[in-house]
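Please build the complex by placing chain B on the supplied structure of chain A, with the hints as guidance.
As given, the protein sequences belong to chains A and B, one line each in that order. Letter by letter, the first sequence follows residues 150 to 627 in the working numbering. Letter by letter, the second sequence follows residues 5 to 210 in the working numbering.
Since the hints were made in silico from the structure, they are not lab data. Computed from a prediction, not measured in an experiment: that's the story for all the values here. Among these hints, one or two may not hold up.
To be verified - Not everything, but these chain A residues come out facing chain B in the computed CB check (under 8 Å):
| no. | residue |
| --- | --- |
| 1 | I159 |
| 2 | I160 |
| 3 | G207 |
| 4 | S250 |
| 5 | G264 |
| 6 | E282 |
| 7 | G331 |
| 8 | A346 |
Stated by the list, open to error - Each pair of labels, with its calculated beta carbon distance range:
| no. | chain 1 | residue 1 | chain 2 | residue 2 | range |
| --- | --- | --- | --- | --- | --- |
| 9 | B | R99 | A | C182 | 38 to 44 Å |
| 10 | B | V68 | A | W587 | 46 to 52 Å |
| 11 | B | L67 | A | I433 | 51 to 57 Å |
| 12 | B | I81 | A | C430 | 26 to 32 Å |
| 13 | B | G71 | A | R240 | 46 to 52 Å |
Note that beta-carbon positions come from the ideal geometry of N, C-alpha and C, so glycine has one too.
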Amino acid sequence: MLMLPEIIVIITAMTVLVADLFLPERLRFGVSCLSLTGLAAAAVAVLMTPMNGSLLGGQFGMDSVAWWFKLFFVISGFFTVVLSMDLLHGRTTFRMRGIGSPGEYYTVLLFTISGMMFLVSARDMVLLYVSLELATIPLFALAAWRREDARSGEAGLKYVIIGALASAFILYGLGLLYGLTGQIGLEAARVTRVSPAFWLAVAMLTAGVGFKLTLVPFHLWAADVFEGAPMPITAFLSVASKGTGLAFMFQLFFRNMGGWLDDGSLLIALFAAVTMTLGNCVAIVQTNIKRFMAFSAISHAGVFIMGFLGPHDYGVPAMLFYLLAYIASTFALFAGIVWYSNETGRETIPDYRGMSRTNPMMALAMMLALFSLAGIPPLSGFVGKFFLFSVAAGAGYHWLVGVAAVNSTIALYNYLRIVRQMYIEPVHEDGPAAPASWSLSIATAVLTVVLVLVGIIPFFYNAINGTTIAWMSGVLPH
Amino acid sequence: MIGPAIYTVMFWVVAASTVLFALAVVNTRKLLRAAIALMAALSTTAGFYVMLDAQFLAGVQVLVYVGGIVVLIVFAIMLTRSGELLEDHPTPERRVVGAAISIMFLILSAAAVWVSPFAEYSTGKTPPNDALSIGKALLDPGPGGYVAPFEVISLLLLAAMIGGIVIARKTPPPNQPFTSGGDLPGETDVYTPLSQRDPKRGGPVS
Numbered sequence: 150m151l152m153l154p155e156i157i158v159i160i161t162a163m164t165v166l167v168a169d170l171f172l173p174e175r176l177r178f179g180v181s182c183l184s185l186t187g188l189a190a191a192a193v194a195v196l197m198t199p200m201n202g203s204l205l206g207g208q209f210g211m212d213s214v215a216w217w218f219k220l221f222f223v224i225s226g227f228f229t230v231v232l233s234m235d236l237l238h239g240r241t242t243f244r245m246r247g248i249g250s251p252g253e254y255y256t257v258l259l260f261t262i263s264g265m266m267f268l269v270s271a272r273d274m275v276l277l278y279v280s281l282e283l284a285t286i287p288l289f290a291l292a293a294w295r296r297e298d299a300r301s302g303e304a305g306l307k308y309v310i311i312g313a314l315a316s317a318f319i320l321y322g323l324g325l326l327y328g329l330t331g332q333i334g335l336e337a338a339r340v341t342r343v344s345p346a347f348w349l350a351v352a353m354l355t356a357g358v359g360f361k362l363t364l365v366p367f368h369l370w371a372a373d374v375f376e377g378a379p380m381p382i383t384a385f386l387s388v389a390s391k392g393t394g395l396a397f398m399f400q401l402f403f404r405n406m407g408g409w410l411d412d413g414s415l416l417i418a419l420f421a422a423v424t425m426t427l428g429n430c431v432a433i434v435q436t437n438i439k440r441f442m443a444f445s446a447i448s449h450a451g452v453f454i455m456g457f458l459g460p461h462d463y464g465v466p467a468m469l470f471y472l473l474a475y476i477a478s479t480f481a482l483f484a485g486i487v488w489y490s491n492e493t494g495r496e497t498i499p500d501y502r503g504m505s506r507t508n509p510m511m512a513l514a515m516m517l518a519l520f521s522l523a524g525i526p527p528l529s530g531f532v533g534k535f536f537l538f539s540v541a542a543g544a545g546y547h548w549l550v551g552v553a554a555v556n557s558t559i560a561l562y563n564y565l566r567i568v569r570q571m572y573i574e575p576v577h578e579d580g581p582a583a584p585a586s587w588s589l590s591i592a593t594a595v596l597t598v599v600l601v602l603v604g605i606i607p608f609f610y611n612a613i614n615g616t617t618i619a620w621m622s623g624v625l626p627h
Numbered sequence: 005m006i007g008p009a010i011y012t013v014m015f016w017v018v019a020a021s022t023v024l025f026a027l028a029v030v031n032t033r034k035l036l037r038a039a040i041a042l043m044a045a046l047s048t049t050a051g052f053y054v055m056l057d058a059q060f061l062a063g064v065q066v067l068v069y070v071g072g073i074v075v076l077i078v079f080a081i082m083l084t085r086s087g088e089l090l091e092d093h094p095t096p097e098r099r100v101v102g103a104a105i106s107i108m109f110l111i112l113s114a115a116a117v118w119v120s121p122f123a124e125y126s127t128g129k130t131p132p133n134d135a136l137s138i139g140k141a142l143l144d145p146g147p148g149g150y151v152a153p154f155e156v157i158s159l160l161l162l163a164a165m166i167g168g169i170v171i172a173r174k175t176p177p178p179n180q181p182f183t184s185g186g187d188l189p190g191e192t193d194v195y196t197p198l199s200q201r202d203p204k205r206g207g208p209v210s
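Looking at chain A on its own, in the form it has when it is part of the complex:
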């Protein structure tokens, strides 16, 4: 059953919504457990799904890339639920007011994840666009979930307006493609004759994807939305939302505009260079940790799209592997950030001072995650960046690799600012944070082990590479 993972996620969402109505207040925690069980079951279902096949007359397809993306989306959802549990049920020292309604929260989150999973399996423009909206629109509500906080409302509103603009761009682009070919199937709607309208469509779609992936100059919404959204949603935005943008780009650029990707590779290289540089340089002056993470996510978007520079056979597994490394590192870091914010309510980088003396294990996990994001060997972030850099070098973009290397140094400086606060500065005078809850502790431990192992053990890269290296030849016409 190819659609089983999606169906499990949707059924879980409906069950959570109904269970929330009937559970008494002291058993409300059950909805979190229910969501976790559903997402774990969906992950198992993805693992059992074959890597090829199609349903609904070819509208819903499954291949190796979709398989990995679905696995990553479900895992991201799982860890987002783990990060949200304490906050939603008020099991924290610092009571953040105005966040609640766990049942509805999980329902909306699960619907978003199902939309992302439909997105990678869509084989025509109608399903592709509709599932992109399902993956985005519920996030507007999640960003505005902290109703007491004006910043959260501002985040939701900004996200709605920018998201609507991006949707308009994408619709215009898809409409032009449909007009040029008269087909709605992604592979059937390949344009064979280049015309100005085709380039207009490419420009519109690039802009739309740029908003989703936070490429410069379409990144303007990211910092405010990341700052205003509840902390677990910030983590989800920086990981799953990035994954969605990447999956959308895979669907459009490889499946539909595959032949033309090489013509635009200089543009992609420029986008990558500008995005990385601006993200890292602006992150230098940020003090709020969420804004800092927003610009860190922007700079990572620049690293991700280096995989679109030819030869695509190696770009696909490199991007997927980096996504895995990025998910593990970002969630490990956010587990620490969420815990610190839950227990103390502190959100700025200097507030982390002295954490290595008061909470040594958490500080160690956060330091490893930060080093992995910066790309320090032998952690997974280094290996992922190495593969992406070699893809760019293989395409002849040596200047881009140089820019990326300089950027890695700036990023290291940025991330070391947090490490310095944790390890060198004196302990925060307002006292240490309470120890993390069992759920956050387990999640942090697992993620930290994964982010180290993914870099050291070749099994993960071998698995991704072995299944997806031949993907391009099945998609591109040669």
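Just chain B now, with coordinates in the frame of chain A:
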């Protein structure tokens, strides 16, 4: 069937009025006027559908958008008494820059569309557009069907509705302790029968 000349004239009339009404939506400062202009823009869009022989779609457009959504918007405006937009007047520089960018984009996209060869599908017969065949296509799991987008959009509407309700729901007053429900009624939510209300303030008699 109408002649091609009349058809062309009709198209330009409908197109021009759609653009003018759409401009009115974003340029007026009275929300109610914007809503009425939106209604007109949506109605003229239905005119396009009629001219493309998609009568069913035109009917749905009028029923759902003009009849349903705009009426909801008008209700929302009247219930919240925010008839006037509170934003500042845009500065002249902003107006000029905005207009320049819009016109440049218009020229660019119009030129690109004008010179590009679009595939013509005038030879085949138009697909049936009665309610029966559209309904069948919506729920058809085969190659030409739309059951997957149809179901996905249902989920989208449900998710948007749940999210909207949670955000718009009344927040408990600031002095109430944290509940994970987030929606338990606070002191101001207590129902007061009409006979016991203060006629001036509206709340209970103190």
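Hints, verified against the model:
{"no.": "1", "hint": "I159", "verdict": "7 Å, holds"}
{"no.": "2", "hint": "I160", "verdict": "12 Å, violated"}
{"no.": "3", "hint": "G207", "verdict": "6 Å, holds"}
{"no.": "4", "hint": "S250", "verdict": "5 Å, holds"}
{"no.": "5", "hint": "G264", "verdict": "7 Å, holds"}
{"no.": "6", "hint": "E282", "verdict": "6 Å, holds"}
{"no.": "7", "hint": "G331", "verdict": "5 Å, holds"}
{"no.": "8", "hint": "A346", "verdict": "3 Å, holds"}
{"no.": "9", "hint": "B:R99 / A:C182: 38 to 44 Å", "verdict": "55 Å, violated"}
{"no.": "10", "hint": "B:V68 / A:W587: 46 to 52 Å", "verdict": "50 Å, holds"}
{"no.": "11", "hint": "B:L67 / A:I433: 51 to 57 Å", "verdict": "55 Å, holds"}
{"no.": "12", "hint": "B:I81 / A:C430: 26 to 32 Å", "verdict": "44 Å, violated"}
{"no.": "13", "hint": "B:G71 / A:R240: 46 to 52 Å", "verdict": "48 Å, holds"}
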